[in-house]
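> Now for the letters of each chain:
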Amino acid sequence: MDNKFETVIGLEVHVQLDTDSKIFCSCSTEFGKEPNTNTCPVCLGLPGTLPVLNKKAVDYLVMTGLALNCDIASYSKFDRKNYFYPDLPKAYQISQYDLPLAKDGYIEVETEEGTHKIGITRIHLEEDAGKLIHEGSIDKSSGSLVDYNRTGVPLAEIVSEPDIRTPAQAREYLNYLKKTLEYLGVSDCNMEEGSLRCDANISLRPRGQEQFGTKVELKNMNSFKAIEKALAYEQKRQRKLIDNTDEIIQETRTWDEDKNKTISMRGKEEANDYRYFPEPDLVPLEINENWAEEIRERLPEMPSVRKNRFIKEYEIPEYDADVLTDSRELADLFEECVTEYNDPKEVSNWIMGEFLRLVNEEKMEVGDTKITGQLLGKMLKMMDEDVISSKIAKTVFEEMFHTGKDPEKIVEEKGLKQISDEDKLETIVENIIEENPDAVEDIKNGKDKAIGYLVGQVMKETKGKANPQMVNQMFRDKISEL
Amino acid sequence: MKLYTRTLSDLKEMLVEERVKLDDIYESISYRVKNVEPLVKAYVNQNEEIDLDELDEKDYEDTYLKGLPIAIKDNMSTENLKTTCSSKMLEDYVPPYNATVVNKIKEAGGIITGKTNMDEFAMGSSTENSAFNPTVNPWGKNRVPGGSSGGSAAAVAAGMAPVALGSDTGGSIRQPASFCGVVGLKPTYGAVSRYGLVAFASSLDQIGPLARNVDDIALMMNVIAGNDEKDSTCVDRTYPDFTEYLKNDVEGYKIGIPNQYFEMDIDDEVKESVMNAVKQLEKAGAKVEKVDVTGAEYALAAYYIIATAEASSNLARYDGVRYGLRAEDANNLNDMFTETRQQGFGEEVKRRIMLGTYVLSAGYYDDYYLKAQKVRTLIKNDFDELFEEYDLIVSPTTPTTAFEIGEKRDPLEMYAADIFTVPVNIAGIPAISVPCGFDNKGLPIGIQLMGPHFKEEKLIQAAYSLEKILDLDIDYPDLEMEV
Ligand SMILES: [Zn+2]
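In order, the protein sequences belong to chains A and B.
Residue numbering for the first sequence follows this note's numbering, beginning at 1 and increasing consecutively.
Residue numbering for the second sequence follows this note's numbering, beginning at 1 and increasing consecutively.
Just so you know, the hints here were simulated from the structure itself, not pulled from any lab data.
It cannot be assumed that every hint is accurate.
[What the hints assert, rightly or not] FRET-style restraints, in silico, Cβ to Cβ:
1. A:274 <-> B:49: 39 to 47 angstroms
2. A:349 <-> B:227: 53 to 61 angstroms
3. B:235 <-> A:33: 34 to 42 angstroms
4. B:227 <-> A:297: 29 to 37 angstroms
5. B:103 <-> A:274: 47 to 55 angstroms
[What the hints assert, rightly or not] If we take Cβ atoms under 10 angstroms as the criterion, some of the chain B residues that face chain A in the derived model are:
6. 30
7. 194
8. 313
9. 321
Note that beta-carbon positions come from the ideal geometry of N, C-alpha and C, so glycine has one too.
Please build the complete structure, drawing on both the sequences and the hints.
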């Protein structure tokens, strides 16, 4: 930690809201479609077209605001932000200027130094722009193409207070945000697909000083890790400038992932005058108490609340609760399974163990798997009833994970049923005794461990289907009779 | 029988009674167009797709408009038919969709026969700002038809279309109606969908009808008024059958005559004619009183700030990227934007874009835009108060009759022609211009009746009464002689 200087960071996050249709027209928001197929006269800004607000986008923004402890404005409005760029078909973006839908919120993140509160200045609703596509490299290309599929996808702009003090906190803040938005189901927060974008402001000031230092804006970070790295780099760079009594220039710098450094985008930034004014094509947005209350009631349980409930209600370790509540889908899976099979710790072990192992191995998302709590519960019951061994259970689980088939059916189809029939096992046990006289001798001499070896041989012979407890007992009986 | 001289209501009745065939109507109007359009130049584009031989009356028998022809201003989007806004910028622009009013006309069985000339992007009061050619007032071949809906007014006045749609941002329906001796209604803001109307000033623009009598205005309002889920500023309410208000009855109407309006610079003949009309209304049983209005002196300034501010943003989309004109051989992106707009827009449009950009700029916003919005509230409240007591406020539509083509060189002088019409748009109320006489040069004079929000039926009834009382029996300007 720097004893002399304090780092001041603020983040500006743009999140695409996961509505089916765009914010001002009925075009689909689906990602990855052929360029310019998700378009219509409205989102192409053709002369004479008018925007009509998608209420779902407002709902999602209000949900986000409530989850981030914001005040929801009973009266807000849209404004036009005017600037020329080919990806902006109307040459203005419909956004919110002085009356955002949500403001004055906060979140709390856990850091090494304890709980840290980070203020949310405002959250407003706006429309996304299109995307320029260059033929070949940007400097050699003779022209650019524009894809307007993304134009008009609803965006929430979440602006934090300059309350973040370390690059690690910035990452924690983003993790919290992502988890919250995913829990709400309002965004998938996928940075690769551009559904979450983040710019950062960073400055340094002597500890104890209230006035902010000269801030630098950072752009073009493509992952949370990159944001943390860019901030750390910038923190060091600015500290060095201060040490050398060099001036810190207020500017925008871009993160170069390959070179692992920030690069100045322009010397002195031209002050943009966006000429904001109220959007005359939309009526002001009035959110009455009932609307906000209705949304509040529909809010799902937030991750931290759910985690504490898991610890209390299911008596599982904090570590387990933390992992299980990392995503809403994982937590749902857990609870669904516990209602079917009432041994929370056992369920937790399976989800944290086999389930997450497979998810990671297959590079899948939790929601994309075929497993349900019911299926897993049924399988665990089959283990208890000695229908399958724990070893076979893993095979069954993997099959369920991929196919979503009923475990009973899997056991039946693959002939995985545990052999608990004494007659069937007797021959095998007798053969093993005959084949392993040394081990038998050891057991007779009191070396109990050797039984495990013999049982293992039987399991091998039966491809894991033998009931191990039963086999163990049979060995003891037979050998003592010898 | 000169069918082109008949009103829409007449033609409709004649069709119903099978006294005439649709073919005959179209033939008569085509004949008229062929004769007078070279002189008047009211149209930018005629709809070539209407195949008169295939026009089957049976298809229209059960419709409201019976297959009758309607002309519309060239700033309303028509699928597969050029919509130019009389601008080089959109000279070849063919929209892929219909404006809501166009769909409503089609659903009602009307046929769009052509797109009428206008001041470029509706900016002007004379139609001289058309990038293609000026339109000539049928009442005087060296006179402007007014604007910006000058083509619509001239087409109706000359008998080239029984009715037309125009758009009115600061008087663009009423002023040309007055100059051309026809009736023009600017409905309440939110009564007619703006979806598909190429925006000039979104908070002021409104589509409305121009016709040769009040009956046709009522008929067209029945077709175009109504809510539209594609326009959030459209108001969801039910409208009456406006033709039921075609009654010669102003008994008990309370009419206010604003002192401040009549103190302004008005032609004597215009003042006289309007006051005569007011007297006639009084005779018919209306109660007339002088009233004071506030903010009248600021209305024009406020209007030109709000309208240009919105226009500067609305017209920013014409950048050469997606449609319309694109400047060739630009060196880079910014050049392309600048050159395209330099070449595509005319002088008046550029002037207003610059003005609008200026008033929205940082440091000026509060002094101009915000102040103008305050004036707007003031004027709106003033009208609201007046209408608590009065049914109508009456004024001349314009201070003068039609001026000469090329006469007004100074933009400010041109802007002053809108002095009586802009407060109506600022307040969002409805107003109608009705012919009330002619000056000594034989040019029509119009009277403006202003009413409370969503009381178009009141205006229609008063205008109808006035039409019957004055009984001007306006003949057709004798254009064919001059061809
Ligand atoms: Zn669209």
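> Look at each hint and say if it fits the structure.
Now for the hints, and whether the structure bears them out:
Restraint check, residue 274 (chain A) to residue 49 (chain B): a C-beta distance of roughly 43 angstroms satisfies the suggested window 39 to 47 angstroms. Between residue 349 (chain A) and residue 227 (chain B) the beta carbon distance is about 60 angstroms. The supplied range of 53 to 61 angstroms therefore holds. Between residue 235 (chain B) and residue 33 (chain A) the Cβ separation comes to about 36 angstroms, which falls inside the hinted range of 34 to 42 angstroms. The hinted window of 29 to 37 angstroms between residue 227 (chain B) and residue 297 (chain A) holds, with their beta carbons roughly 31 angstroms apart.
A C-beta distance of roughly 35 angstroms is found between residue 103 (chain B) and residue 274 (chain A), which places it outside the suggested range of 47 to 55 angstroms. Restraint check, residue 30 (chain B) versus chain A: the minimum CB separation of about 29 angstroms is more than 10 angstroms; hint violated. This hint holds: residue 194 (chain B) has a C-beta 7 angstroms from the nearest C-beta of chain A, less than the 10 angstroms allowed. Restraint check, residue 313 (chain B) versus chain A: the minimum CB separation of about 5 angstroms is within 10 angstroms; hint holds.
Contact between residue 321 (chain B) and chain A, as hinted, is supported at the beta carbon level, the nearest pair being about 5 angstroms apart and thus within 10 angstroms.
This entry does not satisfy hints 5, 6, going by the numbered hints stated previously.
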